[in-house]
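Next come the chains, spelled out residue by residue.
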Amino acid sequence: MNTTFKLFLLVMLTSSVTAFSQKDNKATIGGLVTDKYGKQLKTANVKSTFLNKDISTNRFGIFSLDGITNGDTLVVTALGYEAQEYIVKDRNKIQVKLSVVNEWNKNINMMFYSKKKLLMTGSVATIGEEDLLKNPFINLRNTVAGKLSGLFVAQSDAEPGFEDPTLLIRGTSSFSDAGGINTLVDGYERNFAELEPAEIATLNVLKDPISNALYGNRGGRKSIYVTTKRGVANQNNISVLVQNGFQSPIFMPKSLRAYDYAMLHREASANDGVPQLYTQAHLDGYKSGSDPYKYPDVDWYGAVLNKSAMQQRINLTASGGSNTARYFIMLGTTNQEGLFKYGNSNPNYRLGQSYHRYNFRSNIDVDIDKNTLVQLDVNVRLERRVQPHTDFSTTTLWRNISAYPPGLFPINNPDGSYGGTNAFQRNPVGYLKSTGYQHQDHRFAESNARVFKKLDFIAKGLRANAGFAFNTFVRPALTQKADYAVFTYNGPSLPLTKYGADLVLQPAVTFSTLRHSYVFEGGVDYDKTIAKNHVLNIRTKGYMVRQKEPGTDLPFSRRNLSAVVSYNYKEKYILDVATSYSGSDNFAEGKKNGLFPSAGASWILSKEKLLARAKWIDLLKIRGSYGEMGSDYFAGLRFPYENGKVVSGGTPAFGVTPTTVSGLSEGTLGNPDASWMIYKQTNIGLDFSFFKEVLSGSVDVFNEDVTGTPVKRVDISSIIGIAVPFTNAGISNNRGADLVLKLQKPYSKNWSAYIKTMATFTKNKIVYQSEVIRDNPWEVRTGLPIGQPFGLIAAGFFKDAAEIAASAKSSYEANLKPGDVKYVDQNKDGLIDFRDDVAIGKPFNPEVFYSAELGFKYKHFEINALFTGSESRSILLHNYEVFRSFLPASARPTDYILNNRWTPATAATATMPRLTTVANSHNYRNSTLWLTNGNFVRLKSLEIAYNLSNNALKKLGMKTGTIFVNGCNLATWSVVPEVDPEGPSAGIQNDYPMLKVVNVGFKLNL
Amino acid sequence: MQKINVKQVLLMTASAALLLSSCEKPFLEKPLDDYVPLGESFEDIRNARNWINNIYSDRVNEYTLLGNAGFSAGSDEAIHGSTTNTSRVFYNGSWNALNTPYDIWAKSFTTVRKINVFFENIKNVVVVQNEDTIKLSDDGYANAYYLLERLKGEAFFLRAYNYIEMFKYYGAVPIVTRSYGATEDFNLPRNTVDEVVAFIKKDLDSAMKYLPENYANFYGQDYANWQGRAVKSTCLAYKAKAQLLYASPLHNPTNDLARWREAAELYGSFISKYAAMYGLETQVQRAFLDPNSKESIFNIRAATGLSTIDRNQRPAGFKFFSGPAANPTQAMVDAFQMRNGRSITDATSTYNPARPYENRDPRFYQFINFNGATLSDNPSASTWSVRQVETFDGGKDAQPVVNATRTGYYVRKFMDTTLNLVASQTSFRPYVLMRYPEVLLSYAEAVNEAYGPYASSTASSLKASVAVEQIRQRAGLLPFALSTALTQAQMRDAIVQERRVELAFENQRFWDARRWKKAEQWFNVPAVGVQITRTGTNTFTYKYADVETKIFNAKMNLFPIPDAEIRYNPKIKQNQGW
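So the sequence lines, in the order shown, correspond to chains Y and C. The C-terminal position of the first sequence is numbered 1006 in our numbering, with every residue numbered one higher than the one before it. The C-terminal position of the second sequence is numbered 578 in our numbering, with every residue numbered one higher than the one before it.
Relax, there's no trap hidden among the hints.
Computed cross-link-like contacts, SDA-like style, restricted to lysine to any residue with a CA-CA straight-line distance of at most 20 angstroms:
no.	chain 1	residue 1	chain 2	residue 2
1	C	107	Y	723
2	Y	799	Y	909
3	Y	742	Y	105
4	C	571	C	178
5	Y	859	Y	100
6	Y	645	C	37
7	Y	645	C	125
8	Y	712	C	180
9	C	573	Y	716
10	C	107	Y	724
11	Y	433	Y	412
12	Y	548	C	28
13	Y	645	C	47
14	C	30	Y	636
15	Y	53	Y	65
16	Y	809	C	100
17	C	201	C	212
18	C	25	Y	519
19	Y	47	Y	91
20	Y	1003	Y	858
21	Y	645	C	181
22	Y	645	C	180
23	Y	712	C	183
24	Y	645	C	178
25	Y	548	C	27
26	C	30	Y	544
Hints in this document: simulated from the structure, not taken from any laboratory. Since the structure is predicted, the reported quantities are computational estimates derived from the model, not experimental observations.
Isolated chain Y (complex conformation):
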């Protein structure tokens, strides 16, 4: 007999005694609810069928209910566990053991309908609360990276408030709507990036036609479907998440210091035959360091960046309620400081860059009567994004920080003024401190109300629902501008030379942007079981959306009527048939509406007699779906059917005293046949689970044929005198596979472990796109992947003038020099030009991406790690300023250039061309010289957690408690030099750096 049961008996005894002392006849009967390992379950709901009464268990898993008799059936439910019907045999010894809810019995939310995972015919990747709370990034899109099969997330930088990672589901299938993904929160098109992980119940990636079936003319783009949390009756819960982190930049270039910089600059100038900017005096000055004003050695990164910056997140949630009314409330605050110094240097406003967010959500469910449920959801987000004044872009700031020379002027002159020269008037320290500020306040209010009504009085199993949503976004911004002059130091006791002008802080200016949308929706559902084994579920949905975007005069309108009919026989043979009739205001009368059919089928093999005997097979299922879905995205154009529009423009001046007159001309030609794109998608999948879920996983293969992509013919005569309109003529194909494999040792008394790997393989190609006529077969783009880079084939560097004279001329540079790149003259016409470009390498977005999640739990300790990786992609290094020598606006060279540049002495080993200070489009263009394998593996996140013991929890009055340390972007393995392989421009040109973040924090449930 274990201690739990002893405790149980003790409590039983006490309560019985008490009960007897009060009323002796009506016995208060108690019981214990545990999991299958004997762990007591708190807040489990126990309902007596005879009494039609329910009660929840206390913190020891014990319930007590008056009047339970033998033979009664108790229905026991608990969050995360399978419901169980328990028939009371001995009312004095009730112990109900619940088993963890089976993965396959969980409901999966798809586009406007949900289904038990077992019965799904399509392909959906899903994650829940536990995965989202593991190591959350500030931006939710980064949080889900690597956790969902088929979803690719590439972080490009980590700019506070402006992170914009690339999201792709199963690669790129269309070259017109590349990266177009529907994102829906609770069934409405909304942003999910700024939601807090604590408010999300599940986040699903809908990858195939049947799961997107009801989205009709938008379904082809595939979707991310977020469901927020709701209260559960009698499951009162308060949770707290607090974390504090340190962000520090990774992959920051280690720029050369003044002396080396000047040496290389002199070499570059000599190569170009231009006058030297750096003299021997400079070199001597840098070496001796005697005059830090005339010959400074500035570390610009160090001058403006802190080594690390703080970030905080606090989430508080409260949920629960009764059988008649339930609630989920969340309050969240997130604070991401920027890396810049001087953020708090003025008491009245913040400078630099930072991001502050407050999230509030309230999801309320009320059962008005036993047939009517009303839901009211409100989500409000307030964000403050701090940036430099609108006239001073962060783009310029980052460029200057990475590009300004170390040795030409100091940060500050002896008198404290900002250093600078005529050519360098944007001293980065001044830029941060003396240009004013911009505070953007993003305010989101998203609300919706829904009514669910059981219509059993008409027909049993008939239900109806209706809803309305209203979303608004306002972005007021407050700005104040200032400006500063820089001064060149001319020597002690000599006057400084001034460039630019000081401008004191100007009066505040505000401006704002608006966006809003509303949705009406409704549906009728019908469930019917015929002859016990034939189950029919019908879901219908209709909705109307009107959305007004900032900067557009007219709102976007869409309307959709759709239905899915699901049938299954003994949960063994499953069939789904769906269709959507949806319309968009973007097309002409008669072309607005279309029918988008899809169907899916599944066969659960493991339920067949033959396999059911094999005990080691838990589940074996094959499924397939096909659909013709759409995307109404038409090259970004509004009302493309309108032909012969007039536009104003061209305003010449006439008159004795010339004055301007207005002009009018023909707008773009319309295409009355303009229509949506058609995505013919096929998905075939296999799910399996063996050895009591020790080994499980799934394999999906897919094919997408996208037709009707808007393309503009480019191979036409100019004689028509106007651009021809887009027609739905483009064709592309995308195919590939998703794999998920999970190996786990289930939780036993002390330890558990798992490893889950996911991989997606994609291969796309352009079948028709209207391409200009090319002279040579190797120049042709059609037939190759979307985003295929083209470039020259490099064949080393020119040794000397003789070699240059003997080689093909360059159309990009008349005077080639030794150390310039020698290219292969593909068509042997003696001239290197665009005709010599061939397909080189792979597109930037990977064709293969994968991840591996590892978890290990021993007693109270838990460790989780997530690795993500990309394969089959290329990076062209010359696009990144740190590789661009001394070209105008390039970043300061690093050791990489120092060690790899071409000089007559290093000609044999050099991998970079000769140094130069003037624009050079011969060396710095797409070629195999710059082509680098972009594959990488990253330790995306790692978390070490300690779960508090029962005793500790008891003392603290908590249900669960966890203390953790976690980190993001902790390590990266790749062959890409100098820059971050995932976001190569981060930190060196226009972009904020990539960050490594280490958090400490705790999670509690009260």
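Following the hints, put chain C in place on chain Y, whose structure we already have.
This is chain C only, laid out in the frame that chain Y set:
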């Protein structure tokens, strides 16, 4: 149950009502009827008028092309101050159908389409007979009928103008007289030179029917706001220009004298008919600074004051320099005669190679900024005072000063030297497309070819020689008269010489050399610059050196038709040699 149903019915009715009230129009219909089809928009004559206005702004301002050097760097007049300027493609051997420094092919057909669309829709204009004066905000009060006349005339003129430009660039081109839909076959072949010239002349004749002589008196009213638009004389001048091009050696291999005669008569009738309207200014600069100058036949006007040219053309050491632009060659400088009207190569010219800039044609001092020329500068703070241009070695405006001249000279011709740039002054300058001296010189050329050097045309009694002398006289040459015993060939040379100097940097030489088929001879020589060494306060020595080699092939007399057109339209034949 019964009660609840009533409530539900009420609720559902209310929400249905809400739904309906929010969409008076069908939900997927565009909520705003802002789409006015093109044809319908022409019902309002103001839209038709704005349509024509827009076409005027398609005229190319050749002066600001190619790094503000226009086509002068593509000829023997100048090179570009920047070694990376695209105009180098004209002469560095890399010019081909894919790589053209400037091209008007696609752009011209856009303009032609606009005009054809105008002709197709102008019938839609609703002119209310009883209400013959309507308020037109840009034009003051105007009789709609008169406005309609003007618009039609302008449309014909602009189409012809556009075709003359295309003829200049490409020779014969396809004649397009309607607008095509996207799915129609618009792969037209090139017409013949004869057809193109006939088409241009026909359009100009039609334009003359509709256009008035002058907007100062159009149906008895002064439309001062319309000045600068085409009138009858503009049409006549351009008709003569088209004919001159047609008669020139490039398009007239058999030297059909009838073509020269027609050109001579067209120019002659312009000169005799419009003697009161056009003439020579006392100061040549007026033509470039005054939009209403009597020298200006057609120009692009600006509604705002400008100082762009003044800044671009400044020598590099001067404050407010924003160049580089064209750097005149030594050949251009040497083309200026001595003040006595004799070429510097003439033994009797009194030219002194040790003091090359003395006693030259007064236009030299107006057109060229040379070492020792004077110009206002801004040496400190707010002063605005004159200093000498220094292009001698070590001078303030010489290499290695950034963007300093590569030849030793800068252009001065279009500068408004009276502007005070410190005070941000600007001038209302037009860009001149055709001015009276061009007419005089073209007249002289046509008469010389058709009738001889001292003859005149039937339409005008002006002798060819006198037409040239009028320009020399205005320039200030002393004596200005030409020799009275020149052969036809010698007179031809005199006209070429005068044209080269008077119209320098006006994007004429580039085209003249082509139509005379002389470019291969003139443009195929290296550009020469001067190296000046200062030997004393005001004493210098001069050395001449090649600055840049220049290549010109016979095929370049016409521009290549863009590669894409040849690929996509199989009916178009490329110009010879490209």
